[in-house]
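> Next come the chains, spelled out residue by residue.
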Amino acid sequence: MSLVLNEEQKLLKTSAADFARKESPLSRIRAFRDSDDELGFSRELWASMAALGWPAILVPEQYGGLGLGLTEICCVIEELGRNLVPEPLLSNALLGSAAIIEAGSEEQKSRLLPAVADGSGLVALAWQERKTRYDPAVIEASASSSGDGWILEGEKVLVWDGHVADVLVVSARTSGAPGDHEGVSLFLVDKGAAGLKITRQQTMDLRNAAVLRFDSVELDSDSLLGTAGEGLAPLQVVIDRATVGLCAEMMGSAEAVFAMTLDYLKTREQFGVAIGSFQALKHRAALIFIELELSRSALMGACEAVDASADDVAKKISTAKARLSDTAVLAAYEGLQMHGGVGMTDEHDIGFYLKRARAAELSFGDAAWHRDRFATLEGF
Amino acid sequence: MSLVLNEEQKLLKTSAADFARKESPLSRIRAFRDSDDELGFSRELWASMAALGWPAILVPEQYGGLGLGLTEICCVIEELGRNLVPEPLLSNALLGSAAIIEAGSEEQKSRLLPAVADGSGLVALAWQERKTRYDPAVIEASASSSGDGWILEGEKVLVWDGHVADVLVVSARTSGAPGDHEGVSLFLVDKGAAGLKITRQQTMDLRNAAVLRFDSVELDSDSLLGTAGEGLAPLQVVIDRATVGLCAEMMGSAEAVFAMTLDYLKTREQFGVAIGSFQALKHRAALIFIELELSRSALMGACEAVDASADDVAKKISTAKARLSDTAVLAAYEGLQMHGGVGMTDEHDIGFYLKRARAAELSFGDAAWHRDRFATLEGF
Amino acid sequence: MSDIEQFRVECAAWLDENCPSSMRWEGPKAGDGTIGEMLAWGGRKADWSKNPDARVWLDRMAEKGWTAPTWAREYGGGGLDKDEGRVLGQEMARLKAMPPLAGFGLTMIGPLLIDHGTEEQKKRFLPEICRGEIRWCQGYSEPNSGSDLASLATRAELDGDDWVLNGQKVWTSYADLADWMFCLVRTDTESKHGGITFILFDMDDPGITVRPIPLISGYSPFCETFIEDVRVPRDQVVGGVNNGWAMAKALLGHERSMISSAFSERSSVNRVVELAREYLPGEDGRIGDAHRRDSVAALTMDKVCLDLTIRRTGEAAKLGQQPGPETSIFKYYATELNKDRYSLMLSVLGPQALGWEGEGFEDGELQITREWLRSRGNSIEGGTSEIQLNIIAKRVLGLPD
Amino acid sequence: MSDIEQFRVECAAWLDENCPSSMRWEGPKAGDGTIGEMLAWGGRKADWSKNPDARVWLDRMAEKGWTAPTWAREYGGGGLDKDEGRVLGQEMARLKAMPPLAGFGLTMIGPLLIDHGTEEQKKRFLPEICRGEIRWCQGYSEPNSGSDLASLATRAELDGDDWVLNGQKVWTSYADLADWMFCLVRTDTESKHGGITFILFDMDDPGITVRPIPLISGYSPFCETFIEDVRVPRDQVVGGVNNGWAMAKALLGHERSMISSAFSERSSVNRVVELAREYLPGEDGRIGDAHRRDSVAALTMDKVCLDLTIRRTGEAAKLGQQPGPETSIFKYYATELNKDRYSLMLSVLGPQALGWEGEGFEDGELQITREWLRSRGNSIEGGTSEIQLNIIAKRVLGLPD
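Protein chains in written order, with the numbering used here: chain A, 1 to 380; chain B, 1001 to 1380; chain C, 2001 to 2401; chain D, 3001 to 3401.
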């Protein structure tokens, strides 16, 4: 394993970068927002991405996928993150279908994954509730057994791309109380299930998400994903890897906002000179650069640890998310400040990055939460 | 009450400033250090300070003192702090004799305070042990009753000016375990008591201090200061007020190190210009100035709260110590960095300020400790 | 009874009789609007439907000249001397009476005209200002000026007895609600600071277009003002041609201190404490997350220090020490602290801070997120933090250029 | 067996037979000196009493030319090709054999002479360097140069066949133990960078006085070197008169990377964890103070990120990407991190960090306090943090002057 990309990975990254630049400039999410588009992305563009094989990257070959690693999908996600491309790659590949790969039976995988791989089927993961914060065990949604099947009650929020998913992987308690590690189970729920209400959410950072309400939703026995009551462990694995994916997205968007800022520093004049010639701003820019370099190392370190199934994988992931959280927010805050008033206007794009940076920071554990986890893993 | 000095206070401050500048340049503590002077200060200069009435400031008038407030003594201490004047004013007036004023009987006060006021008697407070950290209840030294009196066992460290005190106020457990709030008692111990060994300590910041070892030291019944087992409350009051005195000292020394740094920024040339013309350094200097201004407000707020016996006095004191701790260290760290290599040499004076800044920060509660105390006082 | 005590008695009686109860502000209550909505801003475009009492209060006070109590009666003021003015203020404070009229007319352009206006200008504008009949906006910033205000490019060219203006202003607060603008224009391109003129014009003049500026936080009072061949009579110049920089400097100090005190007052730190208790609950009302608790304590103490510093400077000023450039620290510190406070509030909310509107979030959560976004501009508007640090370094610390 | 495999077998056998067991470094053990004491630094003033085996090891290796294995045999080197050199390194690593000789001779002045020295200079100095007979020090910094190295003022004036040197150098590490100095002097006052010459001289030459510089942390290897009418033959100039700046730049990169890697390796973060567990004990081996625990975790993770960055740059270099000016981040980050780490250690120790020597403190406490003081210089020596940020801003980010 390595901390630098091999030739195939570089190629993948370059093609994703080309794609994002040509097909998905930042103006797209603005247009989706201003037109109140009900999808928030384009099914046509998603089909093009599927044709490039991106949804298939993590799907094992026997189910029609490419069977590649986290490093590969992060190459793509980083480049999409640079332009805040809204198509549902991360949610589908690293959350929804990842849960099926991690916890599903052979039958469930064979049934569901081929459609994931070819892009025709979208799967979302519903794991967060209003009080979950960053701990997937803190849930109240419940599933009680009923005959051969289950009856699902409760609410899930911030289900990424839950408004368009065909299948939803939902965590619910089959026993225990919020916070207990035992008693969490995962279920497959069809988007059309009776008693399920899906409402799209308007997030500040324009990430597509939904609230799901389950009102006595009846589920068959084969909707259980994995073992009843033991869903937390696979769920945690899935969330951890998705966290690295989120880090890759943050890496791309943080570099983008920094590039935008550097460009402004070089061109904006005040007092007759480019503001980038002011030493105080120079030093601050250099400090952001340093953080970006350290962040990239942390990201690559996490990818390497996952793909090599290293012992310290959780520590590496927490290191990456803590670092990227701090860096992304720093780059956005400083970028906005250096842009001055124009950066505060909705018309300027930097606001999109600022919102995404803090939203990503506050998703899947912020820096302080991951430092706490790291310390616990280190035993201190 | 007010946050600005009145005319009398200003006069006191000016005269202390004149005195420190004329009588006690920084070279004095260097000379004491390099000559291994056994006092570490000058009895003659102390007599001059006594003639100016400074040790008498806080002593009530009926015992020969001036009966003034904390604001007044802080005016003097701040100016002495500017030159790190080593004479034992703070330790004597705000720790040793303050404990007698706070907890002593009429007889004890009449017997001891007149000598404090005229400077002929020095009193030190022995409250810290190796594990005390910042909590005066965490002590192991013990006093067991024996006939009419007591037998004292244990060790005290960092007894400020304990090497020259005529009388030592010593905290010891008469019951309970380290950390208990009940069971702490205060005792008056003569410097010549049998079984007491006083060893001078070499501190990094050249503050004069001593280790005291009590090996079955026999004390009379009238050596008890205040009520047996209830010494923690008056001790805490004394330490709190001394903390403000320490803040005043830190204020003076932080302003001194900043003045030294500003001077260097204006005169040191690199690349053909004064380094103070580099904007990155300018901004950093401005940030230190802001912290100094806020620190002065915090200091004055604490003085005011003590002198007015305000309800929020403990919160104001914690606010001051937290702020001054951060500011003093910032001013010293930045000052050293801006001086470059020459600041690292023992020959340059800035090292004295750096050492004193962190030593003061780590005395009587650092910033984090006082933030914790403040939060507890606020009930959150 | 002395004259002044007599005045106090009469004043108190009049106020008590004439100040509508809804104009006595006891702090925000359910059902009230915001204080900004309840205040009278005046002007031709005023909408009094939300606060009809405010209009009553304004009219009654304006009739006595007490919207501008110490201005001369001939200009619409109350003609009170300094002592009487102070007594009026004290009695209003006792009743918790809101100011009858807010806005730039009384606080900025009025005082400037009194000091630097011609007699004609004073007679023309001050009475209308006192009666709240015209509302003012300020036209300083331009798209390419920013911190370097003197680089402004909106040009004015003399054509007969009129100046003809062309250019664009940005960050014009409430330009869409204002009746007149006071404005800096370039009348000489040879001299940077010396070629600027301070001029007044009616926003209804032909050639003026106003467009609101939505911010990253959503709606804002800021506008862009496009100025195309706008003809302004020569007698609407204040302080003389090419003397605008001096006029602007006189006003800029006002604006800075207003912004810092506004932010210093507006959002109480206790809100952070309450949020942290709610979202990170611990035992006995304590904050459960020790690391965040430390941050909450740090910000609370920072606020204590800032308030003490403002009080200390005020006390020193009363003793005759004029506040100098070191007041730049208020603007800097208050706005940076406000940013930090909102940043921390978002961290406390966690994923519940991710909403923009609609499903899945409480109104209070959505509001904090918007306010957080808005707070990021605090260190930009009214002189950036960087400018404040430059001022301190140069004018307070004397560091070389 | 291939030639290279044959070489490996012979090499391994020879090393195993000749490397004294005390020169096989398994990490610090009780009774050992520090690694700095155990290494051979060579030179006429060397004191071998603490490490007699080091001398044996040096002499044996020098005899084979393996102190500088890839240098030519005629200059005292081993004459090995690149592959053989790598094999020797691998076999030494396998035995954990310490390098037989340390210091600037092998790492700095030697390589410079190979690239830029005259044939005479190479023949004269390289063999002595390889045998560890002369130890070198570096005379760059001066009291008034600092970050602006090119402003140096020690002047050299030609007098017959000698340069006559006058001036003062500071921060000369181990000048008191060195035999020769390589030194920058001013030979032309007209041109700042173009008037500097790189010259070598014997520290025993008349007119040289060395004075150690105590630091705020106590003893240090740094010295001041006073140079008064020191006569240096013309043939001791390296790279030509007025070409010293090019020589210095070639060497400066070396020094920066050495310092950052030195600090990156030297003090392990786990020490902070262990200290925090000891001084702020919590339950089950956890750190009892949640706020400090967060800081300890943050620094530990910072170190992980730094190490990953060093590794990533190394791997990229192996793939042929030449490291550029972005390596300034190592110097900056490693030294700032080291400062933060020691600052935190002091906070963890609390009042027990207040000692200098003697009563009332543990040896370990006293040592940390001294090391903390020393750490404050990390961001000054070898190019200040500010200089590193300037380099990044200019050369990596392309920001304008």
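No lab work stands behind these hints: they were computed from the structure.
Check the hints yourself; a few may be wrong.
Distance condition first, Cα-Cα at most 30 Å in a straight line; then the derived DSS-like pairs of lysine-lysine [stated by the list, open to error]:
#: 1; chain 1: C; residue 1: K2394; chain 2: D; residue 2: K3394
#: 2; chain 1: D; residue 1: K3394; chain 2: A; residue 2: K266
#: 3; chain 1: A; residue 1: K266; chain 2: D; residue 2: K3249
#: 4; chain 1: D; residue 1: K3394; chain 2: A; residue 2: K13
#: 5; chain 1: A; residue 1: K10; chain 2: D; residue 2: K3394
#: 6; chain 1: A; residue 1: K10; chain 2: A; residue 2: K22
> Give a verdict on every hint.
Status of the hints after comparison with the structure:
no.: 1; hint: C/K2394 to D/K3394; in the structure: holds, 25 Å
no.: 2; hint: D/K3394 to A/K266; in the structure: holds, 11 Å
no.: 3; hint: A/K266 to D/K3249; in the structure: holds, 28 Å
no.: 4; hint: D/K3394 to A/K13; in the structure: holds, 28 Å
no.: 5; hint: A/K10 to D/K3394; in the structure: holds, 28 Å
no.: 6; hint: A/K10 to A/K22; in the structure: holds, 18 Å
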